Amino acid sequence: MAYKTNPRVLSMILAGGEGSRLQPLTKTRAKPAVPFAGRYRIIDFVLSNFINSRFYRIKVLTQYKSNSLNKHISRGWHLTHVGGNFIEPVPAQQRVGKDWYRGSADAIYQNIEIITDDNPEHVLIFGADHIYKMNVRQMLAEHIERKAECTIAAIPMPCDQAYKFGVLEIDEDWRLIGFQEKPKKPKTIPGRPDLCLISMGNYIFTVDTIIEEVQRDHGAESQHDFGRNIIPGMYKQRYVHVYDFSRNSVPGMSQNERGYWRDVGDIDTYWETHMDLISVSPRLDIHNVQWPIHTYYFPYPPAKFIFDDEQGKRLGVATNSLVSEGAIISGGHIDRSILSPMVRINSYSYVSESILFEDVNIGRHAMIKRAIIDKHVDVPPGAKIGYDLEEDKRRFHVTASGIVVVPKRHQFK
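So in the numbering used here, the last one in the sequence shown is 413, and the numbering has no gaps at all.
Hints in this document: simulated from the structure, not taken from any laboratory. The model shown is predicted, which means the values in this text are computed figures rather than measured ones.
With a straight-line cut-off of 25 Å between C-alpha atoms, the simulated SDA-like cross-links for lysine to any residue are: (1) K71 - V90; (2) K71 - I87; (3) K59 - E142; (4) K27 - R262.
Listed next, with one range per pair, are the computed distances between beta-carbon atoms: (5) E145 - R258: 18 to 26 Å; (6) E181 - F412: 40 to 48 Å; (7) R247 - I112: 29 to 37 Å; (8) R102 - S281: 40 to 48 Å.
In this text, a Cβ means the ideal position worked out from N, Cα and C, and glycines have one as well.
Can you make the complete structure from the sequences, with help from the hints?
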């Protein structure tokens, strides 16, 4: 294949995951559609990375409880078709049999016709449920320069944190020579014995390679997964290059942000990632206008802060927090918290280290700590959440670290 300066690329986002470890947030929605940072959805980060990197031909493969995800994409992610641009949801359609997607590789196999119809030179296959910023063109340039058949994005990570991930073993030229799934003793980076390489689940394939590999996998005894089957089955026969994400740079990025990537696969990590946003020097700066995170915006009014009776403690104030449009802080206090649109904090209430989804109402004198409250919940006056975890466990999901999750439309008795 001849390599061009501006090759034809098709981007495919795997957005069909169930997200069972994020329950109850994924009870009624797909994991990529889970709200994040007040006004966004998780999928907005990978979509923004593609758009900011000037990739405008995007297919989003959906499956599990995809209604809210499909609505979000159709309402907020429009591209002009001038020049052949598109962002299109592709629901599971049983194209090749009676099975729904049996894994990430099978999702691509069932949509080979989409690839061949578009006739790309390279296919970008990225996950939809990670939080990070990435100039994808830098990864593609290295993929082309190395003449790799597949390139995998990876992040260096301390070895004692690698047990939850797929670990890539490389030689000194960053060619893949081994793969370990959640190892107790991970292989390290040559010359860096304290670090190993974690697969980010983002891949670039030459078009012939991806078609051949998913066709081979389809006929094999397999879990039909890229990390478990495709990559381990191909690196001995093909050139698989590993891209060091810690060298990736986007405009306006601070040194503190370099290499930031989070798999928000469970409630604790989801909550911790939100807390990363609200420090003075955040690990992920969503205020960087040179690399904006795009999303769908409702026509809500600006946030409002009212009452300033300091003597009576009726003071509408937010400290170290993110407050979305339409929110009203009415004589209450929030600290180290994230408020989605149309949240109301009523007088004398106190909310700390919490994430409140859209249309949550916190009643007077209520106290909320280290909690995630899903949409359309009316917390009654005087309620306490996060202060007595044994009591909370009788009503809500509580994680091992003590994060309390109040489900969507919960009715207090």
